[in-house]
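Dock chains B, C and D with the ligands against chain A, hints included.
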Amino acid sequence: MALMTFIEAIRDTLALEMRRDEGVIVLGEDVGRKGGVFLATDGLWAEFGDDRVIDTPLTESMIVGASIGAAVNGLRPVAEIQFADFIHPAFNQIVSEAARMRYRSNNTVGVPLTIRAPYGGGVHGALYHSQSVEAFFTHVPGLKVVVPSTPHDARGLLRSAIRDDDPVLFFEHKKMYRSVRGEVPDGEFVVPLGRARVTHPGSQVTVIAYGLMAHYALEAADRVAEEGISVEVVDLRTLRPLDKDTVLTSVRKTGKCLIAYEDNRFGGYGAEVAAIVAEEAFDYLDGPVTRIAGPDVPGVPYNHVLEDWFMVDPEKIAAGIRKLAAY
Amino acid sequence: MALMTFIEAIRDTLALEMRRDEGVIVLGEDVGRKGGVFLATDGLWAEFGDDRVIDTPLTESMIVGASIGAAVNGLRPVAEIQFADFIHPAFNQIVSEAARMRYRSNNTVGVPLTIRAPYGGGVHGALYHSQSVEAFFTHVPGLKVVVPSTPHDARGLLRSAIRDDDPVLFFEHKKMYRSVRGEVPDGEFVVPLGRARVTHPGSQVTVIAYGLMAHYALEAADRVAEEGISVEVVDLRTLRPLDKDTVLTSVRKTGKCLIAYEDNRFGGYGAEVAAIVAEEAFDYLDGPVTRIAGPDVPGVPYNHVLEDWFMVDPEKIAAGIRKLAAY
Amino acid sequence: MTATDPTKAKAPAAGLGADLGLSDEDLLGMYRMVALARAVDERMWILNRAGRIPFVISGQGHEGAQVGVTWAFQRGHDWIAPFYRSIAMCMTFGMTARDIMLAQYAKASDPSSGGRQMPGHYGDRRHNLLSVSSPVATQILHAVGIALAAKIRGTGQVALTAMGEGSSNQGDVHEALNFAAIHRLPFIFLVENNGYAISVPAAMEVSVPDVAMRAAGYGIPGVVVDGGDVLACYAAARTAVERARAGDGPTLIEAKVIRLTGHSSDDQQTKYRSDEELAASKGRDALPHFRDQLRAAGVLTEAIEAALTAEIVAIVDDATEFAEAEPDPDPSTAMRWVYAEDWPAETPPPWGFGDGSHG
Amino acid sequence: MTATDPTKAKAPAAGLGADLGLSDEDLLGMYRMVALARAVDERMWILNRAGRIPFVISGQGHEGAQVGVTWAFQRGHDWIAPFYRSIAMCMTFGMTARDIMLAQYAKASDPSSGGRQMPGHYGDRRHNLLSVSSPVATQILHAVGIALAAKIRGTGQVALTAMGEGSSNQGDVHEALNFAAIHRLPFIFLVENNGYAISVPAAMEVSVPDVAMRAAGYGIPGVVVDGGDVLACYAAARTAVERARAGDGPTLIEAKVIRLTGHSSDDQQTKYRSDEELAASKGRDALPHFRDQLRAAGVLTEAIEAALTAEIVAIVDDATEFAEAEPDPDPSTAMRWVYAEDWPAETPPPWGFGDGSHG
Ligand SMILES: Cc1ncc(C[n+]2csc(CCOP(=O)(O)OP(=O)(O)O)c2C)c(N)n1
Ligand SMILES: Cc1ncc(C[n+]2csc(CCOP(=O)(O)OP(=O)(O)O)c2C)c(N)n1
Ligand SMILES: [Mg+2]
Ligand SMILES: [Mg+2]
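Protein chains in written order, with my numbering: chain A, 1 to 327; chain B, 1001 to 1327; chain C, 2001 to 2359; chain D, 3001 to 3359.
Pulled out of the complex, with its shape left as it was, chain A reads as follows (with noise of 0.2 Å):
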C-alpha cells in the first residue's frame, strides 16, 4: 500500500507494465527526454531507451496509426496524446481504423492498443486545453473507453487497459494528476473494464459521474447529506461498454437519477446514460432524469471569471440534487 498522486499511479503502472512486457512500448510527443508536459511518463526514457520510449514528431494521425499496425505486428503500444484537445486529427485513424479492425477482419487481426490523454477543464486551458471528448468515442462500437478518477483506478484499469487485446481510450482529468491522492495497493491487482463502482451509497438521489466530477459529486453528496438527502454516487470509471446493471440497480432503488459530466451538455456522454435509464428504469423513476453538464459554448473560456461560468462544480451538482430531491 502506497499513498500517490494520481499522476504518480499512472507514471509507475506504465513502468510496471513495460517491465512486465517487453512487448510493451511508450510513444507521443515529448514522452522521452521531457517526461510528458505532465510528466506521466518521468523516468521512462531513462530506464527503457529509446527503442520503447519514442518521442515521436507532432504528428497525432501518425501516432495513432502507427501504432495500430505496431499492434498487429506483435507490440502493445501505449500511445500518449499530449491533450485530449489534439486528438482530433486521429480521429480517422482511431473511429475509421482502430474501432474496426477486429470486425472488418472478422476477428482476424486485433489492435491491442491504449491511447492516454489527459482532458478537462479548470486549469486555465481554455478552448483548446480544456476540452473533454470522452462523447466522441464513446458512441463508438469497437472502442472501449476508461476515465478513471482515483490512484487505485487509475492503476487498475490502466493494467487492464494495456493488457486488453482491443484499443482502449484512458482519459485522465488533468486537474487531478495532482491534486487527488489515494493509497494503491502494491500488489498485482487489476480492475477489469467495464465495472462501475458505488463510491457512495445512498437512498434519495442517485448521481452518475466519472473523471473529475465523481470526485464533485461525493462533494455535492457531503453538502447535501447535512440537510438530510441521502444520495447514492456511482463512479462509472469505464464508460464504454457502460455497467448499466450498476446503474440501473442504484436508480431502480432510489427512484431518481442526476447525471453530471462536465462537458457540453447537447449530446454529451451523459445523454446515453440518460436514455438507457429513462427507458430502463422508467417504473421506478420518482422524477425526471437529471442532468448537470457544461454549457453548450465551443469550449471552456480562458478569462477565469468566464472559466468559472463553465465549469460544472460540486454546488451546481448539490443544486440540482435538492431540486431533484424536492420533486
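Think of the hints as simulated: they come from the structure by calculation, not from any bench. Note that the structure is a prediction, hence the values are computed from the model and not measured. Note that the Cβ used here is the ideal one computed from N, Cα and C, for glycine as well. Be aware that a few hints might be false.
Below, a list of computed lysine-lysine pairs in the BS3-like style, where the Cα atoms sit at most 27 Å apart [said to hold, decoys possible]: (1) A:Lys244 to A:Lys323; (2) A:Lys316 to A:Lys253; (3) B:Lys1253 to A:Lys323; (4) A:Lys244 to A:Lys316; (5) B:Lys1323 to B:Lys1244; (6) D:Lys3271 to D:Lys3282; (7) B:Lys1316 to A:Lys244; (8) B:Lys1244 to A:Lys323; (9) B:Lys1323 to B:Lys1253; (10) D:Lys3107 to A:Lys316; (11) A:Lys316 to B:Lys1244; (12) B:Lys1244 to B:Lys1316; (13) B:Lys1323 to A:Lys253; (14) B:Lys1316 to B:Lys1253; (15) A:Lys253 to A:Lys323; (16) B:Lys1323 to A:Lys244; (17) C:Lys2282 to C:Lys2271; (18) B:Lys1316 to C:Lys2107.
Derived, one-sided and incomplete: chain C residues facing chain A with beta-carbon distance under 7 Å [claimed, not checked]: (19) Ser2113; (20) Gly2114; (21) Ser2131; (22) Pro2135.
Only chains B, C and D with the ligands this time, still in chain A's reference frame:
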C-alpha cells in the same frame, strides 16, 4: 411547382444559389467534370466553370480547411465530402476550426460554409459507405446540422444553409437520392434552420425521426394505423439546433415517445432527444422513452443478409410503436 | 509460384532474368500471376454485368507493377498493407482465386472479412496481408507501424504498402514518410500512378509530374518505374527491399500504370476520358508486354502458354463456382467480434460475447 | 512604422537598404518593431513570474524573421494566419502593444478573443490577422483558402501563414502545399525553424535538415534564410510576394531562428537543452545583430536609439497598465457568439440570441 427526385432538388438548388450569389462556390472530389459520384453537382462545372466548381485533390482536411479560409475571405463555399464516411480526416478542421472560429474570435470572424455529404446504409455500401455520422457533429456547439427528408425540404434547407453565416453540415441519405420524389415550389422559398415538422398528426405515440427514418416512420405509422394505433410523426429536419418546442409539444400531447435513428444506438443522436424528452416531458410520459436504432457494431456489414439485419426498417419501427402503445 | 525468398541464395539464372537473379521458373511464375489476376478480374466484371455480384473494383492495368514489386518480398514473413486494386499483389502473397472470389460474393468463408466488407477490401492474416479499409491512405501508417515493430522486435521483416497517386496527397502520407525516414524503418511505399483519382486527372490532384519527386523531401530514395515492365518493377523493389533489410530505411517506388476499367462498376469513365486516351493507355499494358518478352526469350513456349491458359480458365471457373456455392454469413454472427472474445478471465467480460448491445 | 506597400513605387534609398528598396525610415521602422516586440515579450515573462498573468508563450528569438518577412506584405490588404509565437508579426501588421497585453490579461476588450482564448492565440479582424487556435498547422489551410478566394475574387491579395518546423510535419501541411501549388495560389508559407518542438530536437521531428527541401516535392520554390538576418528575411519574402502577386504561385520560406525561452512558461528547457547550446543560440539573435548593422550603417544613431528605448519603455508600461486596468469579460456574455446573431429575418432565429442552450 415541379416533381423532382431528392437529388434533383439538391442539384437545382446548388445551381440556383450559384446564379443568385457569385460568392457561392462548389468544391470537392469529382464534383466537376464527373458531376459528383452521385451526380449531385452534374452540370454545374459546365455552367459555372473552373473557378467556381473545383475538382479538388483527394484530401478532405484540405477541402474543409481551405473552405474555411475561403469563407473568411468573402466566399460561401459548398464543400462536398464524397461519402459521410470520409469526413473523419476533416474532423479536426470541422470541430476545432470551423465550429469555433466565431466564438474564439469574439464574433469578429465567421465561417459561412456548407458541407454536404451523403450518409446512410441500405445500399450495399458496407462499413465505409453507409455511415451515419451526425452524432459526432450534433454534439459540437458552433455547428448546425441538417438532415432533410423531402425534395421540398432539401431545397428550402439547402438554401438556408448556404445563406447562413455559420458552418452547416448538410447530410443527405443516399438511398433517398433517386427513390424519393416530391413537389418543389418554383419560387424563392426557404425552410428555416431549426424548425421541425409534424408530418403525420396523431394522438397515442410520438415518433421522432429524420432523413430516411422519417419516411420509414410514416410507413410504420400507416401500418399501425390499421391496427388502431394513432401515431404522430415529427420530422426533425434540423438536428442542431433542435426544435425542442415541436418535440415536447407532441410528446406532452401523446404521452409516449419513440425515437428512430439508423446510426449505432449507443451515444447516437437519438440519445440526446430521449434525454431531453425524459427530463422535460417527464410529467406527461405514460411509457418509457424508447429508441429504435442500429445495433452497436462498427459499421453496416456488406452481405445483404447482414445488411438487412443491421438496418432499421418500417417493420422494426412499427414493432416498437406497438410495444410502446401497449405499455 | 511463390514470391522469392531473398534470404536464400539462388543459382544464377541464364537469360532474361539473369541480371535480376530470376530463374525461368520465377519468370513463368510471375507471368502466371499477372495473367491469373487479370483473368480473375475479368471474371468479376462478367459476374457484375450478369447481376451476380453488385460491385466490382478492379486491378486491371496494375497487375504488372503489383506482381513485379511483390515478388521481391518474402511471403509468410514480410507484411503488406494493400489497397482496393491489390488483387495481383494479394494473390502473389498467397491469396487464391477462391479467396478473391469469396470476397466478391461476400460469403461467410471469405478470408478477407467473412462477407462483412465490400469486395475490394482484401486482407488475409495467414499471409500477413492487412485488412483493407475504404478511407484511402490510412494503411500507410499501419505499414509504417508494422515496420517499427519489426525494427524494435528485430524480426527482419519489411513492410510494404500501396495506393494510388490521388491517395498519396492525403496528410497521413506526409506523416508516415517523415516518421519512417527519421527512424530508417524497413518500409516501402508503392504508388500505383494510373493518372486518375476517379475522374480527376493527375495534374489536378498532384502538383508535380511524379509522386516520386516527393521522396527527396523526406531524405529517402524515390524511383519511377514503368508499371508495364514487370521486371523493372521487380528490380526496383529488390533494391528497396535490400536497403530496408540492411537498415538503410524506406524507399518510395512510383509505378506508372494504367487503369483499364472505369474507377469501379459504378463509374462511367467515358464521361471524362477520351477514346484516344483510353486506346493509348492500353498500349502500356504489362500483360501483353510481358508475354512478348517471355516469348521472345523462349521462356514462354507455345506449349507452356496453352497449358497455362487452360489452367487459368480452370482456376477461375473453380473459384467462381466454389464462391457462388458457399453459404452467406449467418446474421446471428453479426454482433460478434466487435471486441475480442477470448477473454482471459474465468468469467465472461462485462460486455458479453456478441449477444446484444455492446454499448 | 508600417509594412511596405509594394504596389507603390518607391524612391530608391541609399545605404544599407538600398538594394532592397528600403529607406532608412523603413529600416528604423523594422528595427523598432523587432525591439518593441522583444520588449513586450520580456514584460510578459516578468508579469508571469510576478504572478500577474498565468501563462506566457513567447516569440523571443523569432522576431527578426517575423518582422523581416511581414514587412514585405501590404497591411490592410493581404492576410496572415499567424501562430502562437507571432507577436512581432501581428504587431508589424497592425496590432499594438496594448492589443497584445490585453490578450495576456484576457480582458473583455482583448481584440483577439475578448479574453476567451489563452494568451498567444492572437487575431485581429481589423488587420486581416486570422484568429489563432491551438491545434498546430490547421491555419495553413485557412491561409490557402484565403488565397483561393483572393484568386477567384481577383482581389490581388497574398496570404501568409507561419508555424514551427515541428508543426510542419502535420498532414494538413502536405495537403495545403499540394493544393496551393496545383492552383498557383498567392500563398506564402513561413516555417520558423527554432530547432525544437517543445523538447523534441529537429532531427527527431523532421527527416531532412531543412524543411525547405520539401518544397521541390510540390513544385514550388523553397528558400532557407537566416532568421537572425532581418534584411535577408525581408528579401526572401519580397521575392515570394512578387511571385505570388504575379500569379506564379506559392513559396516556402524557412527561417532558421532560435528559441530564447522555454517552450512556454510551463516548460523547463534545461531538462533537454545544454547550457552551451543555449548560449550558442543566443549568438544568433536578430535583435543585437540588426542593431549593430544599423549602427554601423549610421542609420541608428545614439540619439535615435535613446529616443527609441524611451519610447518603447513608455509603450510597454502603458500597455501593461492599460491592460491590467481593463475589466474582465462579463460572464453574462459567455453564451454569446456561438452563432451569428445578426439574423436577417424579422423574428429571432430558433436558436435564440446567446440566452441559453443552443443544443
Ligand atoms: C478518405 C477517402 N476519400 C474519398 C474516397 C473515395 N474514393 C475512393 S477511391 C478514390 C480515388 C482514388 O484515386 P487514386 O488514389 O489515384 O487510386 P486509383 O483508384 O486511381 O487506383 C476516391 C476519391 C475514399 N475512399 N477515401
Ligand atoms: C495538434 C497539436 N498537437 C500538439 C500540440 C501541443 N504543442 C503545442 S506547440 C508544440 C510544439 C510545436 O513545435 P514547433 O512547430 O517546432 O513550434 P515552436 O513551438 O518550436 O515554435 C506542441 C507539441 C498542439 N498545440 N497541437
Ligand atoms: Mg489513380
Ligand atoms: Mg520549433
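Status of the hints after comparison with the structure:
Distance restraint check for Lys244 of chain A and Lys323 of chain A: the Cα-Cα separation of roughly 25 Å lies within the 27 Å cut-off, and the hinted pair is therefore satisfied. Restraint check for Lys316 of chain A and Lys253 of chain A: the C-alpha separation of about 24 Å stays at or below 27 Å, so the hint holds. A threshold of 27 Å between alpha carbons decides the hint, and for Lys1253 of chain B with Lys323 of chain A the separation of about 25 Å falls inside it, so the pair holds. Between Lys244 of chain A and Lys316 of chain A the alpha-carbon distance is near 25 Å, which keeps this suggested pair within the 27 Å criterion.
A hinted pair counts as satisfied when its Cα atoms are at most 27 Å apart, and Lys1323 of chain B with Lys1244 of chain B qualifies at roughly 25 Å. A C-alpha spacing of about 18 Å is found between Lys3271 of chain D and Lys3282 of chain D, which places the hinted pair at or below 27 Å, so the restraint holds. For the proposed pair Lys1316 of chain B and Lys244 of chain A, the alpha carbon gap of about 24 Å is at most 27 Å, so the pair holds. Between Lys1244 of chain B and Lys323 of chain A, the direct Cα distance comes to roughly 22 Å. Compliance with the 27 Å bound is thereby established for this hinted pair.
Between Lys1323 of chain B and Lys1253 of chain B the CA atoms are separated by roughly 19 Å; this keeps the pair inside 27 Å, and the hint holds. Between the alpha carbons of Lys3107 of chain D and Lys316 of chain A the distance comes to roughly 26 Å, so the proposed pair stays at or under 27 Å and holds. Of the supplied pair hints, the one linking Lys316 of chain A and Lys1244 of chain B holds, its CA atoms being roughly 24 Å apart against a limit of 27 Å. A threshold of 27 Å between alpha carbons decides the hint, and for Lys1244 of chain B with Lys1316 of chain B the separation of about 25 Å falls inside it, so the pair holds.
With a C-alpha separation of about 25 Å, the suggested pairing of Lys1323 of chain B with Lys253 of chain A holds against the 27 Å cut-off. With a C-alpha separation of about 24 Å, the suggested pairing of Lys1316 of chain B with Lys1253 of chain B holds against the 27 Å cut-off. Between Lys253 of chain A and Lys323 of chain A, the direct Cα distance comes to roughly 19 Å. Compliance with the 27 Å bound is thereby established for this hinted pair. For the suggested pair Lys1323 of chain B and Lys244 of chain A, the alpha carbons sit about 22 Å apart, so the restraint of at most 27 Å is met.
With a C-alpha separation of about 18 Å, the suggested pair Lys2282 of chain C and Lys2271 of chain C falls inside the 27 Å cut-off, and the hint holds. Using a Cα cut-off of 27 Å, the hinted pair Lys1316 of chain B and Lys2107 of chain C holds, with the two alpha carbons roughly 26 Å apart. The criterion of a C-beta within 7 Å of any C-beta in chain A is met by Ser2113 of chain C, whose closest approach is roughly 5 Å, and the hint holds. Look at Gly2114 of chain C: its Cβ gets to within about 3 Å of chain A, closer than 7 Å, so that hint holds up.
Annotation: Ser2131 of chain C was flagged as interfacial toward chain A, and the flag holds, the nearest CB pair being 4 Å apart, inside 7 Å. Interface restraint check for Pro2135 of chain C: the shortest CB-CB distance to chain A comes to about 5 Å, inside 7 Å, so the restraint holds.
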